[in-house]
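Taken in order, the sequence shown gives residues 1 to 325; the numbers are from full-length UniProt numbering.
To be clear, the hints were calculated from the coordinates, so they are not data collected in a lab.
Even glycine gets a Cβ: it sits at the ideal position worked out from N, Cα and C.
Among these hints, one or two may not hold up.
Here are the in silico distance ranges between beta carbons for each label pair [to be verified]:
hint, residue 1, residue 2, range
1, Cys-42, Leu-308, 40 to 48 angstroms
2, Gly-312, Gly-163, 16 to 24 angstroms
3, Glu-44, Arg-156, 21 to 29 angstroms
4, Arg-34, Thr-159, 41 to 49 angstroms
5, Ala-275, Gly-205, 19 to 27 angstroms
6, Ala-284, Gly-304, 48 to 56 angstroms
7, Cys-37, Ala-243, 27 to 35 angstroms
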Amino acid sequence: MTGASGAEAAGAGEFGFIARHFRPLAGAESLDLRDDCALMRCPEGEEFAISTDTMVESVHFLPSDPPETLGRKLLRCNLSDLAAMGARPHAYTLNVTVPRGGRHDENWFAAFSRGLAEDQERYGVHLIGGDTTSISGPLVLSATVFGLLRHNTALRRSTARPGDEIWVTGTIGDAALGLLVLQGSLQDPSGFLAERYHLPRPRTGLHLHGIVSAAMDISDGLIQDCGHIAEESGVQLVVDTEAVPVSSAAASLGHEWLMRRLCGGDDYELLLTCAPERSAALQAACQAAAVPVHRIGTVRTGSGVRLLDGEGHEIVPEQGGWQHF
1 MTGASGAEAA GAGEFGFIAR HFRPLAGAES LDLRDDCALM RCPEGEEFAI
51 STDTMVESVH FLPSDPPETL GRKLLRCNLS DLAAMGARPH AYTLNVTVPR
101 GGRHDENWFA AFSRGLAEDQ ERYGVHLIGG DTTSISGPLV LSATVFGLLR
151 HNTALRRSTA RPGDEIWVTG TIGDAALGLL VLQGSLQDPS GFLAERYHLP
201 RPRTGLHLHG IVSAAMDISD GLIQDCGHIA EESGVQLVVD TEAVPVSSAA
251 ASLGHEWLMR RLCGGDDYEL LLTCAPERSA ALQAACQAAA VPVHRIGTVR
301 TGSGVRLLDG EGHEIVPEQG GWQHF
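Required output: the full structure, derived from the provided sequences and hints.
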């Protein structure tokens, strides 16, 4: 974490900024964030799963979002990718690009790093390096996570088979509705939906190798991510929309928000396919980790995604999921 530009908005030199806010988060592999690289060794018989995500202010988060949630959200989005491949969290790097002369001062970054410290302890992960820069533009946050798993045990999105069942963890659509709440378009008396937008719940700790046939996390919306599995596996996913789990907070808003829930992003739940004879094992694994899981459809021969209503009639969505391009 030794970039040349510094974090001017913090009101101090770059290296002091790093020492105050990020050195307390660093693990031994980081060399105390005093060198150009970290040194990391992979245990024998294991391999690294690596994922990276970037969050840009006003694109992936609101300028008004609390700083103590932003680092946690960035980390959790990446940890969700590890969970989707069956890897356990190990370490991460962090890049921070700070707007010049803005509101991101010492207090802002103190809250940001406190949130990261809390989630490092929660998920058993530590900082090993990164970069700090400044910009005449929005705040940009980027993290790369490293997970560990045994050789040849990674869960993939390309291995769903006709006859499999489709399952999802948690409830779907809360974060998309939470964004509308924070934008003033919906009411959220309990605060649940806004909390789900601010803080995803990566499903780490599930042991699904040998149980599920395919897996990925739901980041761009359930329908779009079903489409990714369908394309990569060369199959068709048929989703019973009435079976898609809904939270009580989302259900209270009415059925008219169904498509928003199915198409909205930021769920960071797991989308799984599983042979029927392994469904009991899947439910047992999820129960052991206190993770809710629900069957929402079937995998068939064909291509693409079909949505069915409660009477088996096909629904044609008017929108897809999130895309940058």
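Under the constraints set out in the numbered hints, which ones does this structure not fulfil?
Hints 6 and 7 contradicted; others consistent.
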